[in-house]
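S.K.: Letter by letter, the chains look like this.
Number of protein chains: 2
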Amino acid sequence: MNAVRGGVCIDLSQMDRVLQVNPEDFDCTVQAGVRRKQLNTELRTTGLFFPIDPGPDATIGGMAATRASGTNAVRYGTMRENVIALTVVTAGGHVVRTSRRARKSAAGYDLTRLFVGSEGTLGIITEVTLRLSGIPEETIVGRCAFPSEAAAVDTAIQTLQSGVTPARVEFLDDRLIAAVNRYSGLDLPETSTLFFELHGSAAHVAEQCELLEAIASENDCLSFEMAQGPDERTRLWQARHDAYYATVNQRRDARGLATDVCVPISRIAECIVETKKDLEDCPVPACIMGHVGDGNFHVVFSLNADDPAELKATEEIGRRLVSRALAMDGTCTGEHGVGLGKKKYLPDEFGEEAMQVMRLLKTSLDPDNIFNPGKIVDPA
Amino acid sequence: MNAVRGGVCIDLSQMDRVLQVNPEDFDCTVQAGVRRKQLNTELRTTGLFFPIDPGPDATIGGMAATRASGTNAVRYGTMRENVIALTVVTAGGHVVRTSRRARKSAAGYDLTRLFVGSEGTLGIITEVTLRLSGIPEETIVGRCAFPSEAAAVDTAIQTLQSGVTPARVEFLDDRLIAAVNRYSGLDLPETSTLFFELHGSAAHVAEQCELLEAIASENDCLSFEMAQGPDERTRLWQARHDAYYATVNQRRDARGLATDVCVPISRIAECIVETKKDLEDCPVPACIMGHVGDGNFHVVFSLNADDPAELKATEEIGRRLVSRALAMDGTCTGEHGVGLGKKKYLPDEFGEEAMQVMRLLKTSLDPDNIFNPGKIVDPA
Numbered sequence: 001m002n003a004v005r006g007g008v009c010i011d012l013s014q015m016d017r018v019l020q021v022n023p024e025d026f027d028c029t030v031q032a033g034v035r036r037k038q039l040n041t042e043l044r045t046t047g048l049f050f051p052i053d054p055g056p057d058a059t060i061g062g063m064a065a066t067r068a069s070g071t072n073a074v075r076y077g078t079m080r081e082n083v084i085a086l087t088v089v090t091a092g093g094h095v096v097r098t099s100r101r102a103r104k105s106a107a108g109y110d111l112t113r114l115f116v117g118s119e120g121t122l123g124i125i126t127e128v129t130l131r132l133s134g135i136p137e138e139t140i141v142g143r144c145a146f147p148s149e150a151a152a153v154d155t156a157i158q159t160l161q162s163g164v165t166p167a168r169v170e171f172l173d174d175r176l177i178a179a180v181n182r183y184s185g186l187d188l189p190e191t192s193t194l195f196f197e198l199h200g201s202a203a204h205v206a207e208q209c210e211l212l213e214a215i216a217s218e219n220d221c222l223s224f225e226m227a228q229g230p231d232e233r234t235r236l237w238q239a240r241h242d243a244y245y246a247t248v249n250q251r252r253d254a255r256g257l258a259t260d261v262c263v264p265i266s267r268i269a270e271c272i273v274e275t276k277k278d279l280e281d282c283p284v285p286a287c288i289m290g291h292v293g294d295g296n297f298h299v300v301f302s303l304n305a306d307d308p309a310e311l312k313a314t315e316e317i318g319r320r321l322v323s324r325a326l327a328m329d330g331t332c333t334g335e336h337g338v339g340l341g342k343k344k345y346l347p348d349e350f351g352e353e354a355m356q357v358m359r360l361l362k363t364s365l366d367p368d369n370i371f372n373p374g375k376i377v378d379p380a
Numbered sequence: 001m002n003a004v005r006g007g008v009c010i011d012l013s014q015m016d017r018v019l020q021v022n023p024e025d026f027d028c029t030v031q032a033g034v035r036r037k038q039l040n041t042e043l044r045t046t047g048l049f050f051p052i053d054p055g056p057d058a059t060i061g062g063m064a065a066t067r068a069s070g071t072n073a074v075r076y077g078t079m080r081e082n083v084i085a086l087t088v089v090t091a092g093g094h095v096v097r098t099s100r101r102a103r104k105s106a107a108g109y110d111l112t113r114l115f116v117g118s119e120g121t122l123g124i125i126t127e128v129t130l131r132l133s134g135i136p137e138e139t140i141v142g143r144c145a146f147p148s149e150a151a152a153v154d155t156a157i158q159t160l161q162s163g164v165t166p167a168r169v170e171f172l173d174d175r176l177i178a179a180v181n182r183y184s185g186l187d188l189p190e191t192s193t194l195f196f197e198l199h200g201s202a203a204h205v206a207e208q209c210e211l212l213e214a215i216a217s218e219n220d221c222l223s224f225e226m227a228q229g230p231d232e233r234t235r236l237w238q239a240r241h242d243a244y245y246a247t248v249n250q251r252r253d254a255r256g257l258a259t260d261v262c263v264p265i266s267r268i269a270e271c272i273v274e275t276k277k278d279l280e281d282c283p284v285p286a287c288i289m290g291h292v293g294d295g296n297f298h299v300v301f302s303l304n305a306d307d308p309a310e311l312k313a314t315e316e317i318g319r320r321l322v323s324r325a326l327a328m329d330g331t332c333t334g335e336h337g338v339g340l341g342k343k344k345y346l347p348d349e350f351g352e353e354a355m356q357v358m359r360l361l362k363t364s365l366d367p368d369n370i371f372n373p374g375k376i377v378d379p380a
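Sequence lines, in order, name chains A and B.
If you read the first sequence in UniProt numbering, its first letter stands for residue 1, the second for the next number, and so on.
If you read the second sequence in UniProt numbering, its first letter stands for residue 1, the second for the next number, and so on.
Since the hints were derived computationally from the structure, they do not count as laboratory data.
Check each hint, because a few of them may be wrong.
[Claimed, not checked] Coverage of chain B stretches by chain A, computed from C-beta distances (three or more under 8 Å per stretch; other residues unrestricted):
1. 70 to 80
2. 172 to 180
3. 258 to 265
4. 294 to 304
Ideal Cβ placement from N, Cα and C applies to all residues, glycine included.
Put together the whole structure using the sequences plus the hints.
M.R.: Following this line, the structure appears as structure tokens:
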């Protein structure tokens with residue numbers, strides 16, 4: 001994590017020690033620069049894992065600062081639910097511990113969640129206490145192709161509504177499957193596809209898988225494949241793992257540009273269908289992938305960044321995407337964060353009164369505007 | 001909910017309308033004065049319910065303001081995890097909406113969780129958007145008696161560690177079972193007892209129940225009873241339902257006085273055993289009941305409030321209980337809140353630096369100290 005303080009970039013990458021693991025309490029405390037893959041490697045003998053998985057091998061401090069999530073959020077939650085406590089250095093140079101390790105508390109203001117997602121604008125996160133989860137006894141993955149975006153997304157939603165609790169439920173659109181077929185030498189039906197993963201006891205995942213298959217079948221699924229062993233699982237999910245790179249590499253020398261929104265799940269099929277229409281007229285190749293169980297999806301462009309017309313087209317599609325999501329009572333970003341790029345959308349999302357509260361918080365905790373100035377909100 | 005503003009008590013009890021239910025999104029929006037039983041009655045036809053259940057029939061606004069939880073928190077979380085958005089009136093008289101309805105968001109500061117648990121000291125909560133859960137296909141309840149506190153609590157913890165996700169797992173101590181036998185005319189073995197509830201598909205709860213019974217048996221449980229139908233379930237859990245009143249009514253004209261702490265679950269057996277020793281020498285009859293899956297338990301006294309010696313004794317036991325919990329990296333209150341009574345413990349729990357952050361928040365959002373003055377923290 002790079003924490004920016006008054007024009008000085010503070011590099012925490014060498015704060016990379018796992019300080020404490022408490023297997024009986026399902027928690028651990030790490031320094032901010034620990035990376036999530038490193039953490040899971042160190043946890044391997046405990047029977048526990050840390051489930052939050054934003055795409056790259058992010059640092060835990062950065063993940064806390066950006067309220068990161070990923071594919072497992074539909075079952076395990078985001079950093080909001082999985083950070084128990086933080087150590088934060090304040091603008092005055094004080095070291096603040098935001099909470100004790102108890103699973104719940106009704107004591108005082110929730111400082112932990114004030115700093116989670118504040119993107120380094122209120123203080124510097126130096127240590128993170130995380131909630132861990134038990135490695136499931138059994139994991140089943142699956143892949144099902146559908147005749148339309150709506151059929152795929154409706155299957156995901158009906159699955160959740162039927163009481164199935166998938167660990168992951170991912171949507172890839174037809175263009176993305178085509179891109180992955182080319183990039184990874186696969187031969188999948190080039191249509192909307194769901195990838196899912198189920199965690200639990202052997203009997204429980206089998207029962208859930210059966211229910212999921214029945215729901216997929218009611219939604220006219222074209223194929224339904226599942227796999228249990230680690231190698232088989234990796235093979236079945238390969239298209240999902242390669243999705244981002246396949247999208248970007250549709251053109252030589254292109255650069256990836258990704259944006260995301262999140263809407264109430266009842267609106268996600270409609271939101272994806274309308275966004276796909278928008279992308280049809282776009283000169284920049286783009287694909288849609290989504291954590292649809294959360295109502296969250298990404299548009300990834302394969303961009304020639306030297307072409308101002310392409311930049312303008314992607315900016316315009318991004319603007320329309322956000323305004324579509326907000327009209328559905330959604331958010332301008334489900335997991336990518338605000339930074340500078342989405343700052344302009346916050347007043348539309350929250351309203352002027354809430355923005356004023358955010359400005360007051362920024363001013364009271366960072367009166368000299370030394371922490372990541374310009375990001376999220378300006379001081380009051 | 002009564003919100004106190006500058007010496008004026010604001011009564012929101014007539015703001016009692018359920019404004020919107022979105023069954024497809026598993027959410028609803030209610031006015032602050034709606035009570036939880038009323039909400040669950042109105043939800044009955046949707047197949048959904050709102051699981052958070054602090055003892056009395058609290059208002060949703062009050063529950064949000066105090067970060068309430070209850071017996072279901074071990075599975076469904078507390079108000080922290082189940083409030084999606086709030087409408088709050090600020091000190092400047094502005095109406096703030098803290099969030100959209102999307103299940104997750106990385107946009108801006110987490111205003112929702114800043115107000116959840118702020119006990120009316122930062123603004124007046126007028127509307128609450130809640131996450132709902134599906135009514136489980138099957139519910140099994142159980143009751144098991146153990147030879148010691150440690151055996152009962154260890155069973156609860158090992159159950160969680162084995163991947164079982166009980167909806168409820170409640171501990172009642174031997175004195176409390178004796179009190180309930182007298183109060184409710186029951187004939188239970190007067191020893192530490194666990195009450196549990198499992199939610200899920202029929203096959204899944206049966207599998208979990210079997211695992212739980214095996215763990216209880218390894219911990220030398222003296223009896224293990226379970227029940228499925230609604231009447232049978234109520235009968236089996238009667239001792240738990242009557243626990244508070246049975247404790248208070250151990251003496252004629254006594255008044256109930258309850259306190260709570262929450263510790264990491266690896267420490268709860270030790271914390272309960274030490275607290276029981278303290279209670280043995282106490283002139284005021286007292287019992288222990290706990291949401292042990294969360295590491296949270298209550299001491300309930302049957303108090304003669306006119307006797308200064310009794311008040312002093314309970315105060316001293318409460319003080320020792322908090323300092324025991326803090327020494328175990330726990331919190332001075334798991335779900336009862338701070339108010340005036342536990343304000344004195346916050347500096348020990350959080351440290352002076354974190355208290356200063358809380359004071360800054362109070363001052364910035366309530367500069368004239370008009371909201372519930374004197375509660376939680378004083379202005380900076």
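S.K.: Which hint numbers doesn't this structure obey?
M.R.: As far as the earlier hints go, only 2 is violated by this structure.
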